[in-house]
Amino acid sequence: MPEEAEKLEVSVWRGGADGAYETFQVPAYENQTILDVVSWIQQYADPTLTYRFACRVGMCGSCAMMVNGRPRWTCRTHIRTVVQDGAVQVGPLRNLPVIKDLAADMDPFFDKWVAAGGVHSPSATRHDPMEAIDPQETDRAEASAGIECINCSVCYAACDTVAGNPDYLGPAALQRAWTLYNDAKHDDRVNILDAVSGNGGCHNCHSMGSCTVYCPNELDPMSAIAGLKRETTRNFFRKRR
Amino acid sequence: MMNLHLYMAQRISALVMAPLTLGHIAVMIYAVQGGLSAEEILGRTQGSVFWFLFYGSFVVAVSVHAAIGLRVIVHEHTGLRGAGLAAFTWGTGGLLLLMGARAVHAVTAGGAS
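Residue numbers (the working numbering), protein chains in the order written: chain A, 5 to 245; chain B, 13 to 125.
Treat the hints with care, since some could be wrong.
So the derived list for chain B, only partly shown, Cβ under 7 Å to chain A, looks like this [to be verified]:
(1) Met-14
(2) Asn-15
(3) Tyr-19
(4) Met-20
(5) Ile-24
(6) Glu-51
(7) Val-86
Keep in mind that the hints were calculated from the coordinates and are not lab data. As the structure is a computational prediction, the values presented were derived from the model and not from experiment. Using N, Cα and C, we set each Cβ at its ideal position, and we do this for glycine too.
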């Protein structure tokens with residue numbers, strides 16, 4: 005471990021929704037992520053600190069938190085990029101209920117994922133021959149654009165529309181819906197358009213673009229939602245049922 | 013608090029408003045440059061079915077468009093929902109329609125020379 009240089013002043017949210025920030029002095033190292041800092045507090049300063057992580061390499065989507073008021077994947081964000089005058093503030097994800105300290109309740113996020121029609125419904129059984137899919141085909145390219153989502157909820161926490169309208173399904177769920185809508189192997193494509201056309205659906209999006217700006221995997225949920233708006237509009241004129 | 017039908021109503025009303033707005037501005041420029049007085053303008057609009065339909069459809073489109081837009085703003089900023097939000101939407105649309113209808117009536121009804 006590199007030589008200890010100075011201290012970081014780290015404010016961490018403690019308690020539930022009515023909690024408060026508590027400040028810790030954490031040794032600053034040359035190479036240190038936000039998750040390293042939070043882990044140091046839990047291991048050396050206060051073992052009761054609650055937070056969530058798993059893979060530490062940006063694959064699992066567990067460790068997203070608000071850092072200086074912005075949602076970030078903490079395992080892949082270097083402390084140097086966010087520290088301001090030697091201080092940094094770490095809180096639970098916005099737009100989700102706080103369980104305790106830095107752990108947010110992800111249930112609403114995943115419930116909306118399902119409500120947007122995000123559960124895959126196969127168009128063939130294992131007994132059918134495998135369908136050939138051209139990866140260059142337009143629909144497939146649209147679907148492929150969103151499949152690297154790790155469900156970290158950074159986009160959901162960044163979304164001001166979710167903040168103002170708790171019924172709104174949010175960017176991740178709608179991007180998942182758009183991915184499945186363009187997936188030739190999904191059996192329920194028209195029902196997806198119905199699922200995203202209700203009171204909390206894609207039409208609530210104001211295209212502010214925070215989801216696309218903050219997505220740690222550089223995905224583009226805003227364009228996916230625009231795609232859903234376009235297709236639901238086409239479908240509206242096409243069927244008029 | 014927007015669903016597909018409200019979204020379509022707002023987009024279609026916007027499509028209606030856009031050319032009417034441009035037409036209104038073009039007529040304003042024409043009227044000012046031609047030096048028409050208010051009396052001369054009213055002389056041409058009163059009793060005219062064309063101008064009644066022109067401004068009448070504009071007022072209807074504005075009422076629909078603005079009511080839905082304000083509905084979204086009110087919901088996101090105050091949390092109003094359900095019957096209260098529906099009452100606000102219909103009330104706003106109705107008020108705009110009433111005010112606009114009065115103006116259209118004043119400009120296009122009766123008085124044709």
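We went through each hint and held it up to the structure:
Look at Met-14 of chain B: its Cβ gets to within about 5 Å of chain A, closer than 7 Å, so that hint holds up. Hint on Asn-15 of chain B holds. Least Cβ distance to chain A is approximately 5 Å, under the 7 Å limit. Nearest Cβ of chain A to the Cβ of Tyr-19 of chain B: about 4 Å, under the 7 Å cut. The hint holds. The beta carbon of Met-20 of chain B is positioned within 7 Å of a beta carbon in chain A (closest approach about 6 Å), and the interface hint is therefore held.
Taking 7 Å as the C-beta contact cut-off toward chain A, the hint placing Ile-24 of chain B at the interface is violated, the least distance being around 10 Å. With a least beta-carbon distance of about 45 Å to chain A, the hint placing Glu-51 of chain B at the interface is violated under the 7 Å criterion. A hinted interface residue such as Val-86 of chain B counts as satisfied when its beta carbon comes closer than 7 Å to some beta carbon of chain A; here the least separation is about 10 Å, so the hint is violated.
Checked against the numbered hints given earlier, this structure breaks hints 5, 6, 7; the rest are met.
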